[in-house]
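Residue numbers (my numbering), protein chains in the order written: chain A, 1 to 166; chain B, 1 to 166.
Any given hint might turn out to be false.
Calculated pairs, SDA-like style, for lysine to any residue (alpha carbon to alpha carbon, straight line, at most 25 Å) [what the hints assert, rightly or not]:
#1 B:K95 / B:A166
#2 B:K113 / B:K60
#3 A:K95 / A:G20
#4 B:K123 / A:V26
#5 A:K123 / B:K164
#6 A:K60 / A:S153
#7 A:K11 / A:G140
#8 B:K108 / A:S21
#9 A:K123 / B:V15
#10 B:K60 / B:K95
#11 B:K123 / A:K36
#12 A:K95 / B:N94
#13 B:K123 / A:D120
#14 A:K108 / B:E114
#15 B:K68 / B:A29
#16 A:K108 / B:G20
#17 A:K68 / A:T143
#18 A:K36 / A:D128
#19 A:K95 / A:V15
#20 A:K108 / B:T152
#21 B:K123 / A:D128
#22 B:K95 / A:G57
#23 A:K95 / B:L92
#24 B:K95 / A:L92
#25 B:K141 / B:A52
#26 A:K123 / B:E30
#27 B:K123 / A:K60
#28 B:K36 / B:K164
Calculated from the structure, these hints are not laboratory results.
2 protein chains.
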Amino acid sequence: MAVRSISIGAKVPSVPLFEGSPGNSVNLAEELAQGKSVLIGVPGAFSPACSASHVPGFLKNLRAFNEKGYTGFYVVAVNDAFVTKAWGEQLLENKVAGDQIRFLADPKGEFTKELDLLFDAAKFFGNDRSKRYALLVEDGKVTNTFVEPDNTSVDVSDAEKVLKDA
Amino acid sequence: MAVRSISIGAKVPSVPLFEGSPGNSVNLAEELAQGKSVLIGVPGAFSPACSASHVPGFLKNLRAFNEKGYTGFYVVAVNDAFVTKAWGEQLLENKVAGDQIRFLADPKGEFTKELDLLFDAAKFFGNDRSKRYALLVEDGKVTNTFVEPDNTSVDVSDAEKVLKDA
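Starting from the given sequences, assemble the full structure and let the hints guide the process.
Below is the structure:
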């Protein structure tokens with residue numbers, strides 16, 4: 001059973017994230033105010049489960065999500081914007097429809113903290129990181145949550161499981 | 001003029017760094033106990049100056065350093081081990097003699113703190129990071145320091161300038 005840290009019906013936090021460089025802020029509350037999107041939280045850019053399984057699962061199922069009306073995919077990590085940019089470029093290399101998926105940095109973890117989805121990852125990553133999760137968002141509000149109970153596994157937030165409830 | 005945060009004659013700190021994954025620790029005090037090495041500190045893996053200028057400068061001048069007896073090159077960043085690994089792989093792709101240069105993670109900044117070379121980089125990176133620097137090390141002791149006075153420029157720690165004093 002999924003741990004539910006952020007409630008269904010909650011608004012996407014209006015806390016800036018960063019895309020491509022530390023100077024380029026993105027407000028997801030505004031970006032997601034209309035339409036259906038998927039917010040994907042990961043413990044670490046370039047970490048094995050995030051890179052080999054979790055995010056690729058969404059890339060693989062992009063068309064199926066599109067058919068259910070989900071057209072925006074936002075990967076958020078507590079990393080800096082240079083790191084999330086490089087990671088996104090590596091994951092999207094040679095991928096079709098990669099322009100639907102964006103990689104956003106939450107360097108201080110402030111956005112993730114607002115979602116109540118931080119966990120203490122100091123032992124592996126040196127600081128607090130984002131639990132692995134997926135959130136379905138419609139018109140700026142969370143409509144379903146998929147949060148890993150153990151913080152890092154790819155289980156309840158696996159793209160195919162999220163797709164079933166989308 | 002270089003700011004001198006760590007003194008000439010000081011020992012390399014015996015604080016674990018991590019290489020490739022969070023479970024693989026490396027003790028530089030032991031690794032550098034014999035021979036001549038260069039310790040290269042950078043504010044951020046995948047950040048533009050570190051990736052396009054500072055580290056490539058050492059790669060370019062590797063043979064000249066070798067001729068002066070320097071055979072080990074250790075790049076240290078306050079990033080996690082997955083990030084420094086991915087960054088190293090990207091920088092060393094298709095490079096000759098890349099096996100002399102290693103990329104080490106200081107995820108909590110504890111090694112860099114011991115060198116007194118941390119600075120507040122929260123605005124850009126979300127946390128404290130390493131000043132840009134180069135240290136020449138011989139038999140475990142620092143023999144010369146090249147620390148950027150403004151923390152991040154590639155000036156006094158530029159490979160060619162370091163080489164002149166090596």
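Hints the structure fails to honour: 2, 5, 11, 18, 19, 22, 25, 27
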